[in-house]
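Dock chains G, S and V against the given chain X, drawing on the hints supplied.
Protein chains in written order, with my numbering: chain X, 1 to 338; chain G, 1 to 338; chain S, 1 to 338; chain V, 1 to 338.
These aren't lab readings, by the way, just hints derived from the structure by calculation.
Identical copies go unnamed one by one, so any copy, or any two together, can satisfy a pair.
Straight line, CA to CA, 20 angstroms or less: simulated DMTMM-like cross-link-like pairs of lysine to aspartate or glutamate:
1) K264 <-> E48
2) K251 <-> E171
3) K268 <-> E48
4) K249 <-> E171
5) K268 <-> D258
6) K249 <-> D228
7) K87 <-> E67
8) K264 <-> E51
9) K268 <-> E51
10) K164 <-> D265
11) K264 <-> E136
12) K251 <-> D228
Protein chains: 4
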Amino acid sequence: MIRVGIVGCSGYTAIEAIRWLLRHPQAGIVAATSRQADGSCISQMHPELTERLSLEVEDLSPEQIAERCDIAFCCLPHAASAPIVAKILQAGKKVVDLSADYRLSSADLYEQWYGGTHPDPERLGTTPYGLPELFEEQISDATLVANPGCYPTSAILPLAPLLKAELIEAEPIVVDSKSGVSGAGRTPKMVNLYSEANESFIAYGVGTHRHQPEIIDILHRSTGAQVDLVFTPHLVPMDRGILSTIYVKVKGEQSANDLQTCLKDFYKTQPFVRIVDHLPATRNVTRTNFCDIAVRQHGGWMVLLSAIDNLTKGASGAAVQCMNVMYGFDQTLGLVDQ
Amino acid sequence: MIRVGIVGCSGYTAIEAIRWLLRHPQAGIVAATSRQADGSCISQMHPELTERLSLEVEDLSPEQIAERCDIAFCCLPHAASAPIVAKILQAGKKVVDLSADYRLSSADLYEQWYGGTHPDPERLGTTPYGLPELFEEQISDATLVANPGCYPTSAILPLAPLLKAELIEAEPIVVDSKSGVSGAGRTPKMVNLYSEANESFIAYGVGTHRHQPEIIDILHRSTGAQVDLVFTPHLVPMDRGILSTIYVKVKGEQSANDLQTCLKDFYKTQPFVRIVDHLPATRNVTRTNFCDIAVRQHGGWMVLLSAIDNLTKGASGAAVQCMNVMYGFDQTLGLVDQ
Amino acid sequence: MIRVGIVGCSGYTAIEAIRWLLRHPQAGIVAATSRQADGSCISQMHPELTERLSLEVEDLSPEQIAERCDIAFCCLPHAASAPIVAKILQAGKKVVDLSADYRLSSADLYEQWYGGTHPDPERLGTTPYGLPELFEEQISDATLVANPGCYPTSAILPLAPLLKAELIEAEPIVVDSKSGVSGAGRTPKMVNLYSEANESFIAYGVGTHRHQPEIIDILHRSTGAQVDLVFTPHLVPMDRGILSTIYVKVKGEQSANDLQTCLKDFYKTQPFVRIVDHLPATRNVTRTNFCDIAVRQHGGWMVLLSAIDNLTKGASGAAVQCMNVMYGFDQTLGLVDQ
Amino acid sequence: MIRVGIVGCSGYTAIEAIRWLLRHPQAGIVAATSRQADGSCISQMHPELTERLSLEVEDLSPEQIAERCDIAFCCLPHAASAPIVAKILQAGKKVVDLSADYRLSSADLYEQWYGGTHPDPERLGTTPYGLPELFEEQISDATLVANPGCYPTSAILPLAPLLKAELIEAEPIVVDSKSGVSGAGRTPKMVNLYSEANESFIAYGVGTHRHQPEIIDILHRSTGAQVDLVFTPHLVPMDRGILSTIYVKVKGEQSANDLQTCLKDFYKTQPFVRIVDHLPATRNVTRTNFCDIAVRQHGGWMVLLSAIDNLTKGASGAAVQCMNVMYGFDQTLGLVDQ
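Next comes chain X alone, as it looks inside the complex (with noise of 0.2 angstroms):
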């Protein structure tokens, strides 16, 4: 049984995390930390898990997470998680780290795009970035892996494989997407109250969304490509769930169909990469680890669509997903039914 601790464990992904973590037939959940730890139980945070996990919320150092737990899924701002996460890796422990700190490439872009130094600078560019749908093999040998964001997700999967393939542009391609108010995070913020989100649909972030650059970073490492790539973030008024539109111009003669089979094969032994006729909805994703892909024609232009749960392929799911691998478990354990 490996033991997992949760830090961090106040927010969306973090209890996502314990959800699928509950279920999973060889991880045990050992610790739960947060800075707001007053020795009470995690279900006083998480009502849903009254009579179904008993543990204390505590504020561990990170030599204590490290000394009680096997891997830590650490579930902290950016920021804020690697100085923690190096401590852990430090310890001789494996880390999910859901946090940005370690996705990017270099020192140089993570300051860019976040300000400030990065706290860990040596692990970036060699930190797997969590898609083993991309980067099985050096998840499978590391100790630490980079979680990706939820709108990369989106975007990266349906695009590496084209990409690779040559059978598109690298520009122009524009990434319109958009995402229940989860992904927002639980800090309340006016913006994000129910009667200022619900029954409303909005842009934020355009031409400044730090999963731009994460997103381009990432399919240049996948596949070498260098693209041009303009990306929307937009608000949902629903719980969970990301769609993403994607524009793209394809080389020569490729047909919708062409595209499609290249996707199919690309992803043919992926347990969570379901390339579908019809048009995905978020609602077939909902709470699963699935990413639906289609692809439709229009006119000069390519459109692909995407579909996956924020919180779980687009966070926690991805989390256990890539400890799977990271353990040599089938990917898909603890994650489908079987």
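Same frame as chain X, but now just chains G, S and V:
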């Protein structure tokens, strides 16, 4: 043209009052105050007002407000409101107070439910409760009106005529009320985040909600009846609307029809109460000042159902209606079509 | 491996049963029937099943179903269900009937509330009601189980122990219930359109809903008490979940604590009933088979609050739970984490 | 007082037109027609109209409509509308047609996208498109106006001035649009059920939606530009509102500021287009006739964002606006606060 000031303009009742006042043919908004005032226009705070209301948000003293306006709509929290109201009245201007400060009949009752000493106890008991359907005469003579609570409006309007006519017993009365989330206000709290309130239904404040004594007090004031009433509020994942399901016992052989006739008769000259044959839906009163009421028999019980928009008839629409009565206008001026 | 057939596989209870059965370690879905069968795969009807369940939807006779399966989950409308159930039983196989056909104790009661003659009256009165919390022994011996209605589950679980222990009066009992829209089924009707149900809250079936006699009948069967109970269902703009707010009077001097203790004691070996200290939220039981129950005092009343997922504990989760009992498995098999 | 008839009064555009017309000081609704007419009042069909509009729904012939009204708002489906419109015009009365029948410039284009022969081809090409912001003069002289589609309104208003001023390229243009569910109409279909549309986000009609040729045709008619444009509509789980995210390339060295200045200048006398600095939210235009537009630069792209209420500026508000122009009233009469 009546000059209106909005005191405490950042919240939902304030913006709702502004929306209605912009439509009012005899009123103009001349001031909007907030302690967060930073010299910017009110459309920064409420972007929907862009090009509709060009007014700087200011941090004005009660005296400055009184100087500028004929009547103030006070949209402040309870306890914060009374001291300011008192000063505006002292300066000779009118006030509709949307807080709870002047609703109850006695300082004792206020202190029991709201804690602390009432800042302006002399006006309790003499300030009319802003339901023109029950207190039109007092409101027409008043300089200060206590705007009703949202739940109380939905409970008092169906109950008062039946208690007055002694068609129903004073106990048991069960008031099971359900409200949209805007009733919780615009201050960021975790429980009101989209991802907490959405796709969930909860009761809250069971046995402790301050609208219970308000309902009992005002039913007594308007009918003489001393009811024994249990009230439970619930939160519905929607923006606006309250539906109250009220269970009562009839005296003698009264039928649902008799109760309906009594209500129709009582409200026959009242423009905003509709006694309907169909089951009320909050949708049918959204963004209107109507209260829809229906009656159904169910075994030995009568079930009264009432629907209002919590921000309109339950708050700012009622405030405009009171203003109309205070100035001798038709109750409906600016509040309905034509 | 138990071979399960889903009879009537197009609706919401069917897909929910499929979801749970896919996780069940001892059950496999071997048939899915529908009169709309056109030779296509079940993932055409329910796209979320793509690559998860490869099964043709067929228009099978009861005899064919019996031949293929060990147990059938009948997800048909009332009146349509009983004739098919009878034939599957006759062929020697087990059935969990999710319709209302076998829930009531007598054909008279059925005819009074559902109209028409009952198609299989002999089995009424002897078919166990599928709440293992109350009828575990009967269910364990049964070949047919009447799966409970969603509202009745939320009302019976909190009431039965308190009536049995004679801690509360048999009248008055007010059950004010609120359900997500999935309870209305998947057949297109105007009232269930998104743009009708969204941002609205309504009561329906006031005084006429068929779950009222079911609650009264089963409370009598399980406790001997003949209650006088008023039940009002409401529609909440959300997918899933039922919250019931139940108003009762205690006998003698019972406190909220006494009632809570009685409930805790009664359900101490039951894995799916959680007596909680906090106020239940439907969110906390979403996509689980739990029923959360709390007690509050409020003047002379006790308020019981119970929350379930209407499609899980209120329908298909309960059906799997019954199957577990019928086969001697642990109640929780396939239904909770481990 | 202008006598208005609502032809086809059961759907969402009809009730929205009625709401606005009830507020209009110069218009009165004198007839409401439906093939489902059964002698009952329109408030049976739309309960929110109880005590607000006392009018029998009738099954009137076009000739009877023409006799009764000065102007008809035709809220019928495409193909059903044109024959009735033609007869009302023939009888000498005015029409605003809310269907798609008269929007396109040629019968060929109509037949290509809508199938079948156009019932009244002579009027194509000469009927003005009901965007007063672009075609005010033609509308003011017209007896028939083709009310714009909802998506086209949100796309044409930001694009037309920039194409006319030749600040942007005619291709590539990517229009990624998101609409609330009311756009799908009131006819019961499974896909529009609450439990299907809620908590999901989907694209639909990718590459095949009829609003694409409408956008291209009207942009050509209003600016002379022949654009190459890809348009993808999506369904958002909310009642009302459209947000369009539009990706364009500038000619030469234009900045976001230059584009914003061009738009501000173009619309400076237009009361319903607001060029805003903040990112538009559909919430800010809900139940108003405004179109909010913003511009952002993003690498080599310009991103235009526009928000409207699909039922108001995208349908019935625009129809009232057109009526105002046809009668020489101020565009805003009955549509904004004053």
